[in-house]
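Using full-length UniProt numbering, read the sequence shown as starting at 1 and increasing by one per residue.
Be aware that one or more of the hints could be misleading.
Derived pair list, reagent style DSSO-like, types lysine-lysine, alpha-carbon separation capped at 27 Å [as the list claims (entries may be wrong)]: (1) K163 to K119; (2) K5 to K38; (3) K81 to K119; (4) K48 to K100; (5) K100 to K129; (6) K48 to K84; (7) K37 to K5; (8) K69 to K38; (9) K100 to K239; (10) K129 to K157; (11) K228 to K257; (12) K69 to K100; (13) K5 to K81; (14) K67 to K84; (15) K147 to K163; (16) K132 to K100; (17) K95 to K157; (18) K246 to K257; (19) K239 to K228; (20) K100 to K84.
Simulated restraints, written as ranges between beta carbons of each label pair [as the list claims (entries may be wrong)]: (21) F3 to S168: 35 to 41 Å; (22) S168 to K38: 49 to 55 Å; (23) L149 to E41: 42 to 48 Å.
These aren't lab readings, by the way, just hints derived from the structure by calculation. From the three backbone atoms N, C-alpha and C, an ideal C-beta is built for every residue, glycine too.
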Amino acid sequence: MEFNKPATLNVTGDLANNFENFREEVQIYLIATETEKKSREVQVARLKNLLGPDGLRLYNTLTSGSKDKETVNSILDVLEKHCKPKQNLTMDLFKLLSRKQLSDETFENFYADLRRLIKPCDFEEQEEKIMKALVVLGIHSREMQEKLLREDASLEKMINFCKSVELSQRNMEIIRRANGNSVDIDAIGQAPPPTTTDKSTNPRFTEKSNRILPQHPYSKNKCFRCGKEHTGICPALGKICNYCSKPNHFSNVCRLKHSRKANEVSCLENHNNDVKNITDESEHKINSLYIVNSLG
1 MEFNKPATLN VTGDLANNFE NFREEVQIYL IATETEKKSR EVQVARLKNL LGPDGLRLYN
61 TLTSGSKDKE TVNSILDVLE KHCKPKQNLT MDLFKLLSRK QLSDETFENF YADLRRLIKP
121 CDFEEQEEKI MKALVVLGIH SREMQEKLLR EDASLEKMIN FCKSVELSQR NMEIIRRANG
181 NSVDIDAIGQ APPPTTTDKS TNPRFTEKSN RILPQHPYSK NKCFRCGKEH TGICPALGKI
241 CNYCSKPNHF SNVCRLKHSR KANEVSCLEN HNNDVKNITD ESEHKINSLY IVNSLG
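Sequences are here, hints too, so could you generate the full structure?
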(Lines of atoms letter the chains of each structure in order from A; the text may use other names.)
(Lines give C-alpha, C1' and ligand atoms only; values in the text may rest on other atoms or scores of the structure.)
Protein backbone atom coordinates (compact mmCIF):
# COMPACT_ATOMS: atom_id res chain seq x y z
CA MET A 1 0.00 0.00 0.00
CA GLU A 2 1.29 3.46 -0.93
CA PHE A 3 1.37 6.25 1.65
CA ASN A 4 1.89 9.98 1.22
CA LYS A 5 5.43 10.86 2.25
CA PRO A 6 5.80 14.00 4.36
CA ALA A 7 7.63 16.98 2.91
CA THR A 8 11.29 17.27 3.81
CA LEU A 9 12.31 19.55 6.66
CA ASN A 10 12.38 23.19 5.59
CA VAL A 11 15.38 24.78 7.34
CA THR A 12 14.53 28.36 6.30
CA GLY A 13 11.86 30.78 7.47
CA ASP A 14 9.90 29.93 10.62
CA LEU A 15 12.03 27.03 11.88
CA ALA A 16 9.89 26.34 14.93
CA ASN A 17 6.70 26.00 12.93
CA ASN A 18 8.44 24.08 10.14
CA PHE A 19 9.82 21.52 12.56
CA GLU A 20 6.53 21.17 14.42
CA ASN A 21 4.75 20.30 11.18
CA PHE A 22 7.56 17.98 10.06
CA ARG A 23 7.63 16.02 13.30
CA GLU A 24 3.87 15.50 13.31
CA GLU A 25 3.79 14.32 9.69
CA VAL A 26 6.79 12.01 10.18
CA GLN A 27 5.29 10.36 13.24
CA ILE A 28 2.05 9.69 11.34
CA TYR A 29 4.01 8.26 8.40
CA LEU A 30 6.17 5.99 10.57
CA ILE A 31 3.08 4.58 12.29
CA ALA A 32 1.21 4.09 9.00
CA THR A 33 4.16 2.22 7.48
CA GLU A 34 4.66 0.16 10.67
CA THR A 35 8.25 1.34 10.87
CA GLU A 36 8.34 0.75 14.64
CA LYS A 37 8.30 -2.99 13.88
CA LYS A 38 11.56 -2.66 11.97
CA SER A 39 15.02 -2.70 13.48
CA ARG A 40 16.51 0.45 15.01
CA GLU A 41 18.86 0.87 12.07
CA VAL A 42 15.98 0.75 9.58
CA GLN A 43 13.96 3.26 11.60
CA VAL A 44 16.88 5.70 11.78
CA ALA A 45 17.66 5.31 8.06
CA ARG A 46 14.05 5.92 7.11
CA LEU A 47 13.87 9.08 9.23
CA LYS A 48 17.10 10.45 7.78
CA ASN A 49 15.73 9.80 4.31
CA LEU A 50 12.60 11.78 5.17
CA LEU A 51 14.71 14.69 6.48
CA GLY A 52 15.90 15.51 2.98
CA PRO A 53 19.35 16.88 2.05
CA ASP A 54 19.06 20.17 3.94
CA GLY A 55 17.58 18.60 7.05
CA LEU A 56 20.18 15.83 7.14
CA ARG A 57 23.00 18.34 6.66
CA LEU A 58 21.64 20.40 9.56
CA TYR A 59 21.45 17.34 11.81
CA ASN A 60 25.00 16.31 11.00
CA THR A 61 26.32 19.75 11.94
CA LEU A 62 24.51 19.55 15.30
CA THR A 63 25.96 16.17 16.29
CA SER A 64 29.43 14.76 16.65
CA GLY A 65 31.02 11.53 17.72
CA SER A 66 29.58 8.05 17.40
CA LYS A 67 26.03 7.63 16.13
CA ASP A 68 25.70 3.96 16.93
CA LYS A 69 22.99 4.58 19.52
CA GLU A 70 20.84 6.91 17.43
CA THR A 71 17.07 6.49 17.60
CA VAL A 72 14.17 8.21 15.92
CA ASN A 73 13.37 10.16 19.07
CA SER A 74 16.98 11.18 19.75
CA ILE A 75 17.34 12.58 16.23
CA LEU A 76 14.08 14.51 16.49
CA ASP A 77 15.03 15.85 19.94
CA VAL A 78 18.33 17.22 18.63
CA LEU A 79 16.56 19.00 15.78
CA GLU A 80 13.82 20.31 18.06
CA LYS A 81 16.35 21.84 20.44
CA HIS A 82 17.86 23.75 17.53
CA CYS A 83 14.63 24.70 15.73
CA LYS A 84 12.63 25.55 18.84
CA PRO A 85 14.87 27.48 21.23
CA LYS A 86 13.66 28.66 24.62
CA GLN A 87 10.37 30.41 24.11
CA ASN A 88 9.76 34.06 24.84
CA LEU A 89 6.29 34.08 26.38
CA THR A 90 5.96 37.85 26.06
CA MET A 91 6.55 37.72 22.31
CA ASP A 92 4.24 34.74 21.93
CA LEU A 93 1.46 36.66 23.67
CA PHE A 94 2.17 39.74 21.58
CA LYS A 95 1.87 37.77 18.32
CA LEU A 96 -1.36 36.16 19.51
CA LEU A 97 -3.05 39.36 20.68
CA SER A 98 -1.95 41.26 17.57
CA ARG A 99 -3.49 38.75 15.17
CA LYS A 100 -6.46 40.25 13.33
CA GLN A 101 -8.38 38.90 10.37
CA LEU A 102 -7.39 40.55 7.10
CA SER A 103 -10.08 42.06 4.89
CA ASP A 104 -9.58 39.42 2.15
CA GLU A 105 -8.80 36.51 4.49
CA THR A 106 -11.18 33.61 5.06
CA PHE A 107 -12.39 33.00 8.58
CA GLU A 108 -11.13 29.43 8.46
CA ASN A 109 -7.58 30.57 7.76
CA PHE A 110 -7.79 33.26 10.48
CA TYR A 111 -9.05 30.76 13.07
CA ALA A 112 -6.41 28.15 12.15
CA ASP A 113 -3.66 30.72 12.65
CA LEU A 114 -5.08 31.67 16.05
CA ARG A 115 -4.93 28.00 17.01
CA ARG A 116 -1.28 27.87 15.98
CA LEU A 117 -0.36 31.04 17.88
CA ILE A 118 -2.14 30.09 21.09
CA LYS A 119 -0.32 26.76 21.54
CA PRO A 120 2.99 28.10 22.92
CA CYS A 121 1.14 30.41 25.33
CA ASP A 122 0.08 27.40 27.42
CA PHE A 123 -3.29 28.67 28.68
CA GLU A 124 -4.46 25.11 29.44
CA GLU A 125 -8.04 25.13 30.86
CA GLN A 126 -8.57 28.80 29.95
CA GLU A 127 -7.70 28.32 26.29
CA GLU A 128 -11.30 28.07 25.02
CA LYS A 129 -12.44 31.22 26.85
CA ILE A 130 -9.46 33.17 25.59
CA MET A 131 -9.97 31.87 22.07
CA LYS A 132 -13.58 33.11 22.10
CA ALA A 133 -12.40 36.60 23.02
CA LEU A 134 -9.70 36.53 20.33
CA VAL A 135 -12.23 35.56 17.65
CA VAL A 136 -14.62 38.36 18.61
CA LEU A 137 -11.89 40.99 18.88
CA GLY A 138 -10.04 39.93 15.75
CA ILE A 139 -12.82 39.25 13.26
CA HIS A 140 -12.91 41.76 10.40
CA SER A 141 -16.70 42.17 10.03
CA ARG A 142 -18.16 44.64 12.53
CA GLU A 143 -21.65 43.20 11.96
CA MET A 144 -20.55 39.66 12.79
CA GLN A 145 -18.65 40.99 15.78
CA GLU A 146 -21.83 42.64 17.05
CA LYS A 147 -23.82 39.42 16.67
CA LEU A 148 -21.20 37.38 18.49
CA LEU A 149 -21.36 39.81 21.43
CA ARG A 150 -25.13 39.45 21.81
CA GLU A 151 -24.99 36.07 23.52
CA ASP A 152 -22.41 34.00 25.36
CA ALA A 153 -22.32 31.08 22.91
CA SER A 154 -19.82 28.24 23.02
CA LEU A 155 -16.67 28.43 20.92
CA GLU A 156 -17.97 25.69 18.64
CA LYS A 157 -21.20 27.58 17.94
CA MET A 158 -19.27 30.79 17.27
CA ILE A 159 -17.02 29.03 14.76
CA ASN A 160 -19.95 27.36 12.97
CA PHE A 161 -21.82 30.67 12.80
CA CYS A 162 -18.88 32.55 11.30
CA LYS A 163 -18.24 29.82 8.73
CA SER A 164 -21.90 29.60 7.70
CA VAL A 165 -22.23 33.38 7.27
CA GLU A 166 -19.05 33.54 5.22
CA LEU A 167 -20.20 30.63 3.02
CA SER A 168 -23.58 32.30 2.52
CA GLN A 169 -21.89 35.54 1.47
CA ARG A 170 -19.69 33.73 -1.05
CA ASN A 171 -22.72 31.97 -2.53
CA MET A 172 -24.64 35.24 -2.79
CA GLU A 173 -21.68 36.85 -4.55
CA ILE A 174 -21.61 33.98 -7.08
CA ILE A 175 -25.33 34.38 -7.73
CA ARG A 176 -25.03 38.17 -8.03
CA ARG A 177 -22.25 37.90 -10.57
CA ALA A 178 -24.15 35.26 -12.51
CA ASN A 179 -27.23 37.50 -12.64
CA GLY A 180 -25.13 40.47 -13.70
CA ASN A 181 -23.72 38.56 -16.67
CA SER A 182 -26.96 36.88 -17.75
CA VAL A 183 -28.61 37.63 -21.11
CA ASP A 184 -31.94 39.46 -21.21
CA ILE A 185 -34.16 36.76 -22.73
CA ASP A 186 -37.04 39.21 -23.36
CA ALA A 187 -34.77 41.28 -25.61
CA ILE A 188 -33.96 38.38 -27.97
CA GLY A 189 -35.68 38.75 -31.35
CA GLN A 190 -36.71 42.36 -30.79
CA ALA A 191 -35.83 45.07 -33.30
CA PRO A 192 -32.69 47.02 -32.46
CA PRO A 193 -33.19 50.44 -30.90
CA PRO A 194 -33.13 53.49 -33.21
CA THR A 195 -29.71 54.99 -33.84
CA THR A 196 -30.90 58.55 -34.41
CA THR A 197 -32.30 60.97 -31.88
CA ASP A 198 -34.15 63.14 -34.42
CA LYS A 199 -37.85 62.93 -33.55
CA SER A 200 -38.96 64.20 -36.95
CA THR A 201 -37.06 61.55 -38.95
CA ASN A 202 -37.45 58.58 -36.65
CA PRO A 203 -41.04 57.29 -36.40
CA ARG A 204 -40.12 54.93 -33.64
CA PHE A 205 -38.97 57.75 -31.38
CA THR A 206 -41.80 58.71 -29.04
CA GLU A 207 -42.00 60.87 -26.00
CA LYS A 208 -42.68 57.83 -23.85
CA SER A 209 -39.62 55.96 -25.08
CA ASN A 210 -37.49 59.02 -24.34
CA ARG A 211 -38.60 59.07 -20.74
CA ILE A 212 -35.77 58.87 -18.21
CA LEU A 213 -36.83 56.62 -15.38
CA PRO A 214 -35.09 56.77 -12.00
CA GLN A 215 -31.83 54.93 -12.10
CA HIS A 216 -31.54 51.97 -9.75
CA PRO A 217 -29.03 52.99 -7.07
CA TYR A 218 -26.70 50.08 -7.67
CA SER A 219 -24.99 48.55 -10.68
CA LYS A 220 -23.65 45.10 -11.35
CA ASN A 221 -20.35 46.24 -9.82
CA LYS A 222 -21.99 47.13 -6.53
CA CYS A 223 -23.65 44.99 -3.86
CA PHE A 224 -27.39 44.71 -4.43
CA ARG A 225 -28.03 44.62 -0.67
CA CYS A 226 -26.29 47.81 0.44
CA GLY A 227 -25.50 49.64 -2.83
CA LYS A 228 -21.79 49.91 -2.10
CA GLU A 229 -18.64 48.18 -3.29
CA HIS A 230 -17.04 46.07 -0.56
CA THR A 231 -15.34 42.79 0.26
CA GLY A 232 -16.22 40.33 2.97
CA ILE A 233 -19.53 40.44 4.83
CA CYS A 234 -22.19 42.84 3.54
CA PRO A 235 -23.13 45.50 6.16
CA ALA A 236 -26.80 45.01 5.26
CA LEU A 237 -26.80 41.41 6.46
CA GLY A 238 -29.33 41.08 9.27
CA LYS A 239 -30.57 44.67 8.94
CA ILE A 240 -34.22 45.63 8.31
CA CYS A 241 -35.21 47.92 5.45
CA ASN A 242 -36.75 51.18 6.70
CA TYR A 243 -39.10 51.26 3.71
CA CYS A 244 -40.51 47.74 3.24
CA SER A 245 -39.51 46.26 6.65
CA LYS A 246 -37.94 43.23 4.96
CA PRO A 247 -34.50 41.94 6.08
CA ASN A 248 -31.01 41.90 4.55
CA HIS A 249 -31.02 45.16 2.53
CA PHE A 250 -31.05 48.93 2.99
CA SER A 251 -33.82 51.27 1.91
CA ASN A 252 -31.58 53.00 -0.66
CA VAL A 253 -31.60 49.79 -2.75
CA CYS A 254 -35.13 48.63 -1.90
CA ARG A 255 -36.71 47.26 -5.09
CA LEU A 256 -40.24 47.99 -3.87
CA LYS A 257 -39.37 51.61 -3.15
CA HIS A 258 -37.83 52.28 -6.56
CA SER A 259 -40.49 50.41 -8.51
CA ARG A 260 -43.13 52.65 -6.87
CA LYS A 261 -41.11 55.75 -7.78
CA ALA A 262 -41.01 54.61 -11.38
CA ASN A 263 -44.80 54.15 -11.37
CA GLU A 264 -45.25 57.60 -9.86
CA VAL A 265 -43.14 59.15 -12.61
CA SER A 266 -45.16 57.29 -15.25
CA CYS A 267 -48.49 58.44 -13.77
CA LEU A 268 -47.28 62.03 -13.53
CA GLU A 269 -46.18 62.08 -17.17
CA ASN A 270 -49.48 60.56 -18.30
CA HIS A 271 -51.32 63.25 -16.34
CA ASN A 272 -49.21 65.98 -17.93
CA ASN A 273 -49.90 64.55 -21.38
CA ASP A 274 -53.66 64.55 -20.67
CA VAL A 275 -53.52 68.18 -19.53
CA LYS A 276 -51.52 69.09 -22.64
CA ASN A 277 -54.05 67.38 -24.92
CA ILE A 278 -56.98 69.17 -23.26
CA THR A 279 -55.16 72.49 -23.54
CA ASP A 280 -54.39 71.93 -27.23
CA GLU A 281 -58.05 70.97 -27.92
CA SER A 282 -59.32 74.06 -26.09
CA GLU A 283 -57.00 76.34 -28.04
CA HIS A 284 -58.18 74.75 -31.29
CA LYS A 285 -61.84 75.40 -30.44
CA ILE A 286 -61.13 79.05 -29.50
CA ASN A 287 -59.25 79.63 -32.75
CA SER A 288 -62.11 78.10 -34.77
CA LEU A 289 -64.71 80.26 -33.01
CA TYR A 290 -62.63 83.36 -33.66
CA ILE A 291 -62.42 82.59 -37.38
CA VAL A 292 -66.20 82.02 -37.62
CA ASN A 293 -66.94 85.31 -35.87
CA SER A 294 -64.51 87.13 -38.12
CA LEU A 295 -66.26 85.80 -41.25
CA GLY A 296 -69.71 86.77 -39.95
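Inset, instruction - Starting from the range 49 to 55 Å, see whether the pair S168 and K38 falls in it by beta-carbon distance. - result: Between S168 and K38, where Cβ atoms are some 51 Å apart, the hint holds.
Legend entry - Outcome for the supplied range 42 to 48 Å, where the beta carbon pair is L149 and E41: violated, 59 Å
Legend entry - 27 Å Cα cutoff - pair K5, K81: Roughly 24 Å between the alpha carbons, so the hint for K5 and K81 holds.
Legend entry - F3 versus S168 beta-carbon gap, inside 35 to 41 Å or not: holds, 38 Å
Legend entry - Distance restraint between K37 and K5, which requires alpha-carbon spacing of 27 Å or less: holds, 18 Å
Inset, instruction - Sort out whether K129 lies within 27 Å of K100, counting only the CA atoms. - result: Distance of about 17 Å is within 27 Å: holds.
Inset, instruction - Could you grab the alpha-carbon distance between K5 and K38 and see if it respects the 27 Å cut-off? - result: holds, 18 Å
Inset, instruction - For the pair supplied as a hint, K67 and K84, confirm whether the alpha-carbon distance does not exceed 27 Å. - result: Distance of about 23 Å is within 27 Å: holds.
Legend entry - Pairwise hint evaluation, K100 against K69, where the allowed Cα distance is 27 Å at most: Given that 27 Å is the threshold and the Cα spacing comes to 47 Å, the pair is violated.
Inset, instruction - Quickly compare the C-alpha distance for K100 and K84 to 27 Å and report which way the hint goes. - result: holds, 25 Å
Legend entry - Straight-line alpha-carbon gap K246 to K257, limit 27 Å: holds, 12 Å
Legend entry - Given pair status - K257, K228, alpha carbons within 27 Å: OK: K228 and K257 at ~18 Å, within 27 Å.
Taken one by one, the earlier hints fail for this structure at numbers 4, 12 and 23, listed in ascending order.
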